[in-house]
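Enquirer: The residues making up each chain are set out below.
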Amino acid sequence: MARTGLIDQYLADLASRLPASIVAELADGLQETYLAHVRAGHSPADAAHRAVTEFGDPDVVIAAFVGANPARRTARTLLLTGPLVGATWATALIALRAWDWPVPVWVRVGFAVVLVTGVAMLSVAAFGRRYRRATHSAMAACLSILAIDITILSYLGTAGLLTTWPALLAAALSASRSIFTLSRLPTDLAAR
Amino acid sequence: MRAEALKGHLDGLLLACLEGGPRHGYAVIEALREATGEQLDLPTGTVYPALHRLEAAGWIRGRWSVVDGRRRRTYELTAKGRRALSSERADWRKFSAVVTAALEGPPWPAPA
Chain A
0 MARTGLIDQY LADLASRLPA SIVAELADGL QETYLAHVRA GHSPADAAHR AVTEFGDPDV
60 VIAAFVGANP ARRTARTLLL TGPLVGATWA TALIALRAWD WPVPVWVRVG FAVVLVTGVA
120 MLSVAAFGRR YRRATHSAMA ACLSILAIDI TILSYLGTAG LLTTWPALLA AALSASRSIF
180 TLSRLPTDLA AR
Chain B
0 MRAEALKGHL DGLLLACLEG GPRHGYAVIE ALREATGEQL DLPTGTVYPA LHRLEAAGWI
60 RGRWSVVDGR RRRTYELTAK GRRALSSERA DWRKFSAVVT AALEGPPWPA PA
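Order-wise, the sequence lines are chains A and B. To convert, note that position 87 of the first sequence is 86 in numbering that gives the first Met the number 0; the numbers rise steadily by one, no gaps. To convert, note that position 104 of the second sequence is 103 in numbering that gives the first Met the number 0; the numbers rise steadily by one, no gaps.
Simulated from the structure, these hints should not be mistaken for lab results. It is possible that some hints are incorrect.
To be verified - To give a feel for the contact side, a few chain A residues facing chain B, derived at Cβ under 8 Å:
#1 L25
#2 V59
#3 V60
Claimed, not checked - The calculated label-pair distances, taken between Cβ atoms and stated as ranges, are:
#4 A:R128 / B:P108: 19 to 29 Å
#5 B:W107 / A:A174: 55 to 65 Å
#6 A:S182 / B:V98: 32 to 42 Å
#7 A:V115 / B:S64: 43 to 53 Å
#8 A:V108 / B:F94: 37 to 47 Å
#9 A:T52 / B:W91: 29 to 39 Å
Yeah, the Cβ is synthetic: ideal placement off N, Cα and C, and Gly gets one too.
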């Protein structure tokens with residue numbers, strides 16, 4: 000039985016703020032709810048009204064999906080562990096007198112810009128209320144942080160600077176973070 | 000029974016609904032409704048994000064199919080989910096035993 004405009008309107012509201020795969024799943028559930036009410040003897044209009052009411056306010060449903068977004072959890076984990084990794088790297092770089100390294104200023108500035116942008120995007124992903132924006136920000140932030148970790152690990156590794164315990168500890172933390180980030184990417188990508 | 004108390008155990012309830020075999024979202028909601036004697040009064044649209052959360056935790060696995068021209072996502076328990084359900088059950092038994100003993104035991108003597 001064809002559903003009514005009320006359900007299409009409800010789904011259109013969700014579709015403007017949630018990924019297509021989630022809306023497809025909700026559309027199936029909503030249609031099943033509608034059909035159950037029709038089978039129970041309600042008119043199509045009444046069944047649609049009951050189905051939409053049972054599903055709940057779209058804002059409430061969307062907020063629940065935003066809270067369950069795996070990309071948001073990834074962002075929160077990275078934000079929470081970031082200060083520890085950052086402090087360890089700061090200790091290591093001071094111990095290694097990083098300001099004396101033959102690294103051009105534009106590279107240093109670029110590195111800082113990528114880092115700050117990554118943290119800003121993580122904050123948007125972790126605390127924003129828009130599902131798609133949270134997912135995209137988390138993805139971009141994950142890639143930025145991966146690039147930072149891989150760059151610094153490669154530089155220290157090739158320059159033979161992984162010799163002090165702060166550098167080894169920082170490298171181990173960065174490597175662990177890279178593994179975590181890579182392991183989260185497929186799940187976070189699926190949430191688009 | 001207060002619905003809020005049931006909501007606090009939503010994860011365990013959802014896992015229990017999937018213990019008998021794979022179910023799609025609406026079937027999970029129906030099973031939940033039946034299992035709780037229709038006491039769980041929450042917007043059914045919010046059950047789906049809860050299922051997504053369990054899937055992200057690796058406790059359930061979702062698969063797409065097409066039924067009557069509609070895309071349908073069906074969920075099933077993973078081995079990790081079965082372990083989580085066992086743990087939820089054990090915790091609940093311990094918790095309920097403690098509360099039952101405290102609420103239904105003999106009156107406590109008043110301090111002298």
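Enquirer: It remains to establish, for every hint, whether it holds in the given structure.
Expert: Here is how each hint holds up against the structure:
1. L25: Where the cut-off is 8 Å and the nearest Cβ of chain B is about 6 Å from L25 of chain A, the hint holds.
2. V59: OK, holds: V59 of chain A within 8 Å of chain B, min 6 Å.
3. V60: holds (4 Å)
4. A:R128 / B:P108: 19 to 29 Å: Taking Cβ atoms as reference, R128 of chain A and P108 of chain B lie about 54 Å apart, which means the hint is violated.
5. B:W107 / A:A174: 55 to 65 Å: holds (57 Å)
6. A:S182 / B:V98: 32 to 42 Å: Check passed, 39 Å falls within 32 to 42 Å.
7. A:V115 / B:S64: 43 to 53 Å: For S64 of chain B against V115 of chain A, whose Cβ atoms are near 45 Å apart, the range 43 to 53 Å holds.
8. A:V108 / B:F94: 37 to 47 Å: violated (56 Å)
9. A:T52 / B:W91: 29 to 39 Å: holds (31 Å)
In summary, the numbered hints that this structure violates are 4 and 8.
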